[in-house]
Amino acid sequence: MSGTTATRTLTYREALREGLRDALRADERVFLMGEDVGAYGGSFGVSRDLLGEFGPERIRDTPLSESAFTGAGIGAALGGMRPIVEVMTVNFSLLALDQIVNNAAAIAHMSGGQFAVPLVVRMTTGAGRQLAAQHSHSLEGWYAHVPGLKVLAPGTLEDARGMLAPALADPNPVLIFEHGSLYGLEGSLTDPPAEVALTGAAIRRPGSDVTLVAYGGSLPKALDAAETLAADRIDAEVLDLRALRPLDDAAVLASVARTHRVVVVDEAWRTGSFAAEVVALVAERALYELDAPPERVCSVEVPIPYAKHLEDAALPSAERIAAAARRTVGR
Amino acid sequence: MSDFTMPSLGADMTAGTLLEWYVRPGDAVRRGDIVASVDTSKAEIEIEIFEDGVVGELLVEVGTRVPVGTPLATILPVAGSAAAAGNGAAPATPTATPVAAAPPPASSPPTPRTVAPLAAASPPAAPPLAVPVEGHRTRVSPLARRVAAQMGIDPETVPGTGSGGAVTREDVERAATTGTTPPAAEPLVPAAAPAAPAVQSAAEPAVADRRSAMRKAIGDLMARSKREIPHYHLETAIDMTAALAWLAERNATLAPPERAIPAALLLAAAARAAAKHAQLNGFFADGAPQPAEHVHLGVALALRGGGLVAPAIHDADRLPLGELMAALRDLTARVRAGTMRGSEMADPTITVTSLGDRGADKVFGVIYPPQVALIGFGAIRERPWAAGGMVGARPTAIATLAADHRASDGHDGSLLLAELDRLLQHPEELA
Amino acid sequence: MSTTDELRTQVLEALGAIAPDADLATLSDDASLRDELDLDSMDMQGLVVGLYEATGIDVPERDYGKLDTVADTVAYLAAHRPGGQ
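Protein chains in written order, with the working numbering: chain Z, 2 to 332; chain D, 224 to 654; chain R, 137 to 221.
The shape of chain Z in the complex, shown without the other chains (with noise of 0.2 Å):
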């Protein structure tokens, strides 16, 4: 701790670039590498400026084959480097799946626990930003299923900033989802940073007459809608998932015992979705606990379209979060 302390501020873009500009700077193993993290500075300008700091050789630009240079980060975790590969979009890393899911996450199994794959991979998920659907997807409760990965979700400044060091740290493969609703959200850093656990949820708000769980770009929503409900008297409390694996499933059960109510909000399709995965939990180990059924709040099941109407249409917004929770109070 330092004996000093500051506040400033900056963006969630920042914020990413502040954590990985510590993380090259303290670990000669650390590199990036992506399409267009170099000379473009990132499709979505996390990686601006760092080329010219750390040079070609740490921040590398790829051709344009997920698989082969997802496939390359694997090999140089496991000959012992700390690669940090970023892909695009969610929906590209399609392409890296075998690598992913087949690779990554199987190798220390497969091998006895004689290899570990300390790789993290960086991706931009989610809607909002009129993309169309082939950026716009919120996939990372697929990931979420495979065991062998980590999966995080930062929601704040504090985890986009905090959130690099310790997925480096982990033996394991990590992968970090960016909303890419996030990247020029402001908000206030202290100096020097805090440090944060790669997993576990946070209470973001806390309230006692429902909870809503979320996480990533669903958080700000989330916490507007939190803001709406209390001009109503209704106390809501946001949870955080912060990781969806591992899941703090004892962050949520406690939240569920404390308000007796819940609202899940997800990107991501209803059907299958990781909403599921937390409204099951609560079901499976906190049915008695409930005061309403449980509810989703997910997007439209169409592929996000690109007319601006539509897709706000078919996202999660506050407005709705609110209507669901008011719904759990039977208001």
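The set of hints was computed from the structure by calculation and includes no laboratory data.
Where a beta carbon is used, it is the ideal one built from N, C-alpha and C, also for glycine.
Mixed in with the good hints there might be a few duds.
As the list claims (entries may be wrong) - Residues from chain R shown here face chain D by an in silico Cβ test under 8 Å; the list is partial:
#: 1; residue: Ile154
#: 2; residue: Ala155
#: 3; residue: Pro156
#: 4; residue: Asp176
#: 5; residue: Ser177
#: 6; residue: Met178
#: 7; residue: Gln181
#: 8; residue: Val195
#: 9; residue: Pro196
Go by the hints and put chains D and R onto chain Z.
Below, chains D and R without anything else, positioned relative to chain Z:
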């Protein structure tokens, strides 16, 4: 379909033995019907059902002892909405309510209409939230169901205010404290009566067992009272001359069945005084006083051969003396005969104990949890009484109040006793 | 016209109604009802009502004290039945 469960017939009851079924499968029952009798270890109680329906299956055999909350029978919805019992071979589908009747989820924005060839990529959007529930089953949240079981309340009788009209925990707790259903009882502790055999002879439960079980039940409840309730005690001597003279004059004009005894006059005065002092009439539950809206006067009645019960006379503050006397006579007779009803056992808001003409001079009361006060009357006797500078012999009664300091203070209690005294000096107000 | 035995039967029936668990077979005719059966004022009132309904004889309140034993009660009823002794 719903379950008819072993009710809690008082804060000291954790289990009961089913003595007799008055209904058989297929019988139609209405809310309030007496359907069975139960031995609570304190008394044989006739228990009522809280809903209309048709008796499905009897789940507990006569003679079986089961914890409070155990399903005793299944109750099917009344005929007409669902398949009536014995209504022929083809059962109607109870879930006849069309799903389409459920309101569309208010939250969902209009689903973007996909063009026909792409429709296969678009599974149904959000399902309707309100899926019709089968038959007449009341919606009760799992939490409310759990809390109700702990309190010994039938949640199906509680008005629901939650999601889709469901009964919520808050509804159950409100019902428990306002007395619309039996109030909070001891949490169900199935192991509480380890000595009791699993099955007792139903028709004649062993008297010794009954007595020792009752003694234990009373002991447990009174220990809880002494442990949890910060009692304070007040007493006041009441000149009964005017009250007894008025009563004798009244009774002299009436045939025996219409006459009232002094104890009825004392109860009438106590009920009216309690109605004016809400902080002494009600419960202490969930860490806070819960004043009751009605006066359900618990009357402590000794059982021959030991033990006592304190069933309630409902709305006793509104009964004229004659009706109160009739209620008291009816209750006494049924206590003696062992045919009390569940609703009488479970919901007094304040208890009165009157030791009667053969009793001691005064009572130092022990409050029945979760009530907050108990009024006691000793025997009415001639005692020296100073008035107007002279000492004379007058019939007097010593009224005492035991009250819960968490709900009231001595000043409140004094006012109640003063009102009691005032009423007994003006007995015509009790007529 | 009730015989004394009939009156006695009626008294015991009335007692049985207010004290269903008492063993009346062993009750002596000269034992104090209040002491032996632990009757209180409600029970006495019940006894009077029971006798009134069985025999039509109205025992006024001031005479309740005269119904001390079974024998007293039978004698009182015999003295007050219609037609006198």
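(request) Enumerate the violated hints, using their earlier numbering and listing them in ascending order. (result) none
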